[in-house]
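J.: Turn these sequences into a full structure, and let the hints steer you where they fit.
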Amino acid sequence: MTAEQHPVTGLDEVVHQRVRLGILTIAHEARRAEFGYLRTQLDLTAGNLSKHLSVLEAAGLIELEKGYAGKRGRTWITLTPAGDVALAEEVGRLKALIARIETNPEAR
Amino acid sequence: MTTDSAPAAGDPRRLLADVRALARRVRVDQRVTWVALLVLAAVTFAAIPIDYYGLDVRCEPGAAADLVRPADASVCTTWRRGAVFYWPPALLLAYTAIAVCYVRVARARGLGTRVLPYAITGGALTVGFAAAWILARLFLGPHQFPYWVLLLDRLTAPWGTIGVALLVLARLERNVALLVFTLGYLAVVLVPVTFGVHFAWADRTEFLPAQVINGTVLLLGAIGFAVARRRHR
Numbered sequence: 001m002t003a004e005q006h007p008v009t010g011l012d013e014v015v016h017q018r019v020r021l022g023i024l025t026i027a028h029e030a031r032r033a034e035f036g037y038l039r040t041q042l043d044l045t046a047g048n049l050s051k052h053l054s055v056l057e058a059a060g061l062i063e064l065e066k067g068y069a070g071k072r073g074r075t076w077i078t079l080t081p082a083g084d085v086a087l088a089e090e091v092g093r094l095k096a097l098i099a100r101i102e103t104n105p106e107a108r
Numbered sequence: 001m002t003t004d005s006a007p008a009a010g011d012p013r014r015l016l017a018d019v020r021a022l023a024r025r026v027r028v029d030q031r032v033t034w035v036a037l038l039v040l041a042a043v044t045f046a047a048i049p050i051d052y053y054g055l056d057v058r059c060e061p062g063a064a065a066d067l068v069r070p071a072d073a074s075v076c077t078t079w080r081r082g083a084v085f086y087w088p089p090a091l092l093l094a095y096t097a098i099a100v101c102y103v104r105v106a107r108a109r110g111l112g113t114r115v116l117p118y119a120i121t122g123g124a125l126t127v128g129f130a131a132a133w134i135l136a137r138l139f140l141g142p143h144q145f146p147y148w149v150l151l152l153d154r155l156t157a158p159w160g161t162i163g164v165a166l167l168v169l170a171r172l173e174r175n176v177a178l179l180v181f182t183l184g185y186l187a188v189v190l191v192p193v194t195f196g197v198h199f200a201w202a203d204r205t206e207f208l209p210a211q212v213i214n215g216t217v218l219l220l221g222a223i224g225f226a227v228a229r230r231r232h233r
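Those protein sequence lines, which keep their order, are chains A and B.
Reading the first sequence from the start, the letters are residues 1 to 108 in the numbering used here.
Reading the second sequence from the start, the letters are residues 1 to 233 in the numbering used here.
No lab work stands behind these hints: they were computed from the structure.
Treat the hints loosely; a few may be bogus.
Unchecked claim - Between beta-carbon pairs, the in silico distance windows are: (1) B:Y53 to A:A69: 44 to 50 Å; (2) B:R174 to A:G36: 23 to 29 Å; (3) B:R137 to A:G36: 51 to 57 Å; (4) A:D12 to B:L135: 54 to 60 Å; (5) B:A46 to A:K51: 52 to 58 Å; (6) A:N48 to B:A187: 47 to 53 Å; (7) B:A136 to A:K95: 47 to 53 Å; (8) A:A99 to B:V127: 42 to 48 Å; (9) A:S50 to B:L135: 54 to 60 Å.
No residue lacks a Cβ here, since even glycine has one placed at the ideal position from N, Cα and C.
T.: Spelled out as C-alpha cells, the structure:
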C-alpha cells in the first residue's frame, strides 16, 4: 500500500461485511466450524447464514463439507488458504484505517 | 451482528473489536483445560506406588555423598526403575487421551481444535526424557551435580515435561490463566517443597512428598478450571 493510497481503496467487498468477516474469523480461529455454531454466534437465521456462506464459497474463501453426527446432518465450514489471506488482509486494512483516523482525524 | 455491509470507512474500530471478541469466544469454547490437568494429575498419582515399589536402592559403606545414611554412614544409590518403565507409556497414553477428548468435545461444540501440537510436543518430550534417563543410567555414576544440572534434571523429568508441554497448550489456546497456573506448577517442580517430610524407614520415600505435591497441584488446577468453565457457561 503506498503512502497516498487510502486503506479503503484496497477493501474487498466480499470480506468487508460484518457477518462474512465474522464467519471467516470463526473459521480461522476454530480451524473448522459447524453451521449451527456459526448461526448461534452470529445470531442469524439459517437462510441468512446460508446466503453469506454461498457468497464466501463462490469467492473461494471457504469450503463446505457435509457430514452426519448420528442421524443428524451437519455442515462444516473450513477456511481455504485464499480465505486465510483475505482475512489477514482485511484485518490489516482495518488496522491501517484506524491508524490513519487516529493520526489524522481529517482523513475520515 | 447485522447483515448490513459496513460502510467503507464507517466503523473500523467496531468491526475490529467484533473480530477480536469472536476470536476470543471461539478460543474459550475450544478449551477443555480441566480434562488435560485431571488426566495428568491421575497419571502423577498413579506413578507413586509404581515409583515406590520400583525404586532400586543399593547402600554400601563408603565415602560421603548426597545420599548418606547417618545411622551407618553407608552411601546409597537409587535407580528409579519403576518410573522409567511407567512414565513413558503412561504419558504417551495420557497425551493421546487428552487429544482425543479435546477433539470429541470441540466437535460436539461445533468446532475444530488446536490440541495436536500440544500432544506432539508432549510425546516428543516424553521420548526425550526417557532417552535422557537411559543415557544418564548408562554413562553417569552417582555424583554430586551443580544446582543448575539438578534444575535441568527436574525440568526434563516427567513432571517437568508436563509443565513444558502445558506452556505449549497455554500458547496454543492463548490461555493466560493456564500460563499463570503452569508457571506456578513449574516453580513447584523445579524447587521441590517437601515440608521436611522424609520417613525414617527407607530412602524409598524420598520422592514421595514432591510427587504428592505435583499431583495435588495438577488436581487443584483441574478443579479450578472446571469450576471456572462451569461459571462461564
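J.: Taking the hints in turn, state whether each one holds.
T.: Tested hints:
1. B:Y53 to A:A69: 44 to 50 Å: Roughly 45 Å apart at Cβ, these two residues keep to the hinted range, so it holds.
2. B:R174 to A:G36: 23 to 29 Å: The hinted range 23 to 29 Å holds for R174 (chain B) and G36 (chain A), with Cβ atoms some 24 Å apart.
3. B:R137 to A:G36: 51 to 57 Å: holds, 54 Å
4. A:D12 to B:L135: 54 to 60 Å: holds, 55 Å
5. B:A46 to A:K51: 52 to 58 Å: Since the Cβ atoms of A46 (chain B) and K51 (chain A) sit about 53 Å apart, the hinted range of 52 to 58 Å holds.
6. A:N48 to B:A187: 47 to 53 Å: holds, 51 Å
7. B:A136 to A:K95: 47 to 53 Å: holds, 50 Å
8. A:A99 to B:V127: 42 to 48 Å: For A99 (chain A) and V127 (chain B) the Cβ distance comes to about 46 Å; the hint holds.
9. A:S50 to B:L135: 54 to 60 Å: holds, 59 Å
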